[in-house]
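Asks: The chain contents come next:
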Amino acid sequence: MSGAGPTSFSPSFGGPRPILSTFEGPMGTPAKESSSTTKLFTSPLATGRTTTVEGIRDTSEAEEEMKDEDDSVFTYTLQDAPIAAGRLRDWQDRKRTLKFTLPPLYNSGIAWIDGKKVDGGDQVPIVPDEMKIFPAEIPDSAYSDEYTKFVVDSHELYRALSDADQIGEPMDPSENILPKYATTFLEILDAARRRIFDERLSEAYVVCHCLFASYFADPGIMRAEAVMDWLNQYDPRPTTEETRDIMTTPVPYDEPGFWELVQKLALRGLFFQCSNCLKEAGTPCADPESKRALQTATSILETAPKGAKAFEGHRQWRARAIAFGEQCTKLLDARLRRGLIALANILRGDSDTILALSESWQEGTAALFLFHDPAPSRLPEYYQMAVAEFPVDLTVISEAGCAAIIAGDIPKALSVAERLDVCVAAHIADFCDRQRMLDDFYNIETLDLPPFRDWLFMAHAINCCANPGTWFIGVAYLKDTEGTAGLSIIRESITHVYLDTEATLTELLDLCKELQFDTEARQIVMAWSKLQLSRNQVGSALEWLDSIGNSLEIRAITWQLLESNLLKGLTLPDAILQRYLVSPHLCPAMIREFIAPYATYFAFKGHLNEGDIVEAAQYLASLIQFGFLPGRFFGALLGELLPLIDRSQPRALPTTELIAIMNSLYQWEKDTRKYTEGIQFLAKSLSATREAAADMAEDDWRVEYGNVSAKEVIKLVRSKLVTEVSRAYLEGV
Amino acid sequence: MNAIATGHEDLIHDIAYDHYGRLLATCSSDQFIKLFTRVVPSAEWTLLSSFKAHDANIFSLSFAPPQYGLLLASCSEDQTVRVHSSIDNGHTFAKIATLSDSGGPVHQVAFAKFGGHGLKLACIGADGVVRVYHAADPADLRQWHLAFEKVVDKDRLLSTGVAARDLQGDFAVDWCPSGTVRASWFTYELGIDMDDVELPRVDRLTIAELAVEQFVASSMSKVVVFRKRLNGGIYEYEPTEELPGHTDIVRDVAWASNASVGGRYELIATACKDGWVRIFKLTTRRIGGVRATEYRNGGAGTVSGNSEIGADEDDLGYEVELLDQFDHHKSEVWKVSWNFSGTVLSSSGDDGRVRFWRAAYTGKFVGLGVASAEQGSNDEMDD
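From first to last, the protein sequence lines stand for chains Y and U. For the first sequence, this note's numbering gives the first residue as 55, with consecutive numbering after it. For the second sequence, this note's numbering gives the first residue as 78, with consecutive numbering after it.
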């Protein structure tokens, strides 16, 4: 058997075409170093060199060219599209244009029709469709529930793999955990494509399966077997029908397609099926040699090396096939002889025979890999031989991706995969990265660019962030990318996450803390406090503002509380605010400081309701004299004083307080701006009474003075104050 | 998702999303603004409120960042910008401010998208003047003052007298949305090359808290970047760079987030009547090899570029480069819009199609897909 090594090609078994020239280059060269063996490699994908950034740019530009030439960009029609088919010109003649805008975070925007101003002449009448808006999504970016499940499952696997794998450390091949995780990922993807029925996801599955078969095969099987398994799933041949049509006839051997079936089964590595066909075909064995040859054939088929030890046993098995071929030349039955010799040629890995019997580059490559020499390093070489006969169909994206994988051009394969499904592309890039398959790609050209794996994950993460329900998954990926871009994307999107619950708020703030996004944390808290205010949860809003030390907003809210109460009458505070008003010692210092005017007013009203006039008057007097009281509230607070300085009831304020209030009134009137604001506000307050008289509390001072003007109210207050002072004098107090 | 009848009684001129994308406002020539809310989980839009906001056609809308509450600005042919506030989650709105400095119809209005230093609002109208208003006290958003105004295209105004009243949508403005713009500018001002600094990456972002306020405005065919710069001890907006090459009226401008490129450069897209969608790349430029710190110490740097724009000697500017341009609409382009990360651009126009462009690995943009408003385009190759 000497001389029957993998690179030996005996002309005695010559196939239909002499293709020895395809082996003229150096054999067994690793894929990424096989640049000198690419003369026959006609596909633009298979440049035979390590992919560069330029290579990936080529892909983009190729797309662009394609788009310019035949405009192959995917087009979909808006739901309820307003322009009738073929009537675009008419629509344009109506001086209309289409506008579209994307939302701040999500991938679904809105299109609408706008008019272009008609210079002179009559305006074009509006039709109903022109007053509609049309939701439209960025293509291939919206997640269905089923796809979301795939994203979630993929992410869980990614996390488990990250936990299990030590990135960057060389792995002992025997302890390589990647094949196991790759198999699981493929199962997740397979389940998703079956659920979703999406053509592109199915194509992505083909590419992923091809990659995993070629580089992440289970250690328990030979890689060549894995590639053949991939092919048999991707493009099963012969079909069950083809086999049945022949094998269910009375004498299958007599069928014209019998040997074609046998050879195809062998070519696809389906050894037991092939052996069974031979056994059950009713093959005429008129002489002992024929019988023996048939037995040898089935024996070789049934002992084909499989599994982990297959590689070691392949050379010996192949030698048996060569010997078997020589044995067959002596057979008398011409048909049997031709058939068995062709079978032997396949089994011994004769490239001419294999390529002659193959129907695609995938089949030729996989068969050469399985039969000629299953050394993984030779796979790209077989690919080149096959594509010389069967050019790659670049219009099928998955085929282009698989071609790049088999050719050993992983970055290009990932770039193609990204066009099919960015989630799949990112995850398979992660596997490749962990196996150091992308190391050669990172060079001087990529200095200014993120690692390709990271870029893919960023693209996937951006989609996650832009789909409701997967934002946190996107963030988890972004945190794992190198450089600042990932964090910048988190930073850009984090404030756009809707604060539906306090749990979401807490999660976002925890993330801000972890990533030191102080500015964003403040923005989020501010936005949450505004939401709480709109839900009338003032106490909660104040607490959150206190947590970020936003005294400006706290001050504004507390004055707004006072304003609201002066306009609408006393409203019941929420539970948190009530607690702070009743028990000021529970109140955080900053809130306590700013809430004091409102708390004073609240206490005034409380005592008033309880009939404690003296205590109520004390609170109101101190509020009126508060040095930092905005001028606009002064008039309304003076109005509140009216019922308390009425001669019909006991005197509520001592002389000193009355004089101090008169002094404050004088100061207020002197300040034109404050006075004007105060009169305007008082007028507004009185007018609110008139508009909502039915809702007013009976003891609201405005019930009695609702029809009095603001200035007259002030005049009345002054007059009553003077009267009270004189009353105090007369009463000798 | 099906089309939604808005209930407007005339053409819709603009739509705006709130910060979360859960509210959608539309404005129309019927002088009304309508607010829609996105129903969860169906994601369909339902009408929430409707109010008459102006006394003429309403051209543009913008929501303020949520830390200022639910605030909506609108601008109109009635020459005003109005600010409306809602305290009940959009069920009702009250007008809280009217800004009426414009000498003509106001075409576009835009709230600044970042939150620092009070709330800002930019607008541009047919008088060709871009204006920035400032509400310094976030607690009182009724008070706005005109912080800046500048004629964008002086030549145009000189030739026409005052304003281009006869044309629609010829003026546009958009703020730079990125917080991370700060990174490049901050380090640049310090004279630090980020690559030279040994810092954990989170710190690299955290130290860059100094906001640089900048926006892009277009008037007719001129597109200018304005940036707040230190000038005589005061930060002021100044026109700094021009985006060249437009051969006709620019219909829209959109400034992308720079997050996906880690703040390394800025992207601005324009929609032009000449049929082109243009994407400009703005990279922080070093002037004569002299860095900011050296300027402060008396270094003698010079500024390249337009003599009218960015003429200040100690300017720190952008190198403007036309990154990509597309004429696939084969007709006027009216609108451009970016996704949140600056990786997908949409453009739309007279061809009745929305075209999507995505950033490839190299940073260049390639076609992503087309949404057609013309029936019968499903799964077809684009025309």
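I should point out that these hints are in silico values taken from the structure, not numbers from a laboratory. As the structure is a computational prediction, the values presented were derived from the model and not from experiment. Worth double-checking, as some hints may not be accurate.
The list that follows gives simulated cross-link-like pairs (lysine to any residue, SDA-like), each with its CA atoms no further than 25 Å apart [said to hold, decoys possible]:
| id | chain 1 | residue 1 | chain 2 | residue 2 |
| --- | --- | --- | --- | --- |
| 1 | Y | K622 | U | I173 |
| 2 | Y | K567 | U | P142 |
| 3 | Y | K234 | Y | S195 |
Asks: Next step is simple, just say for each hint if it's right about the structure.
Replies: Okay, the hints, checked on the actual structure:
For the suggested pair Y:K622 and U:I173, the alpha carbons sit about 19 Å apart, so the restraint of at most 25 Å is met. With a C-alpha separation of about 21 Å, the suggested pair Y:K567 and U:P142 falls inside the 25 Å cut-off, and the hint holds. Under the criterion of a C-alpha separation no larger than 25 Å, the hint pairing Y:K234 with Y:S195 is inconsistent with the structure, at around 29 Å.
Violated hint for the displayed structure: number 3, the only one.
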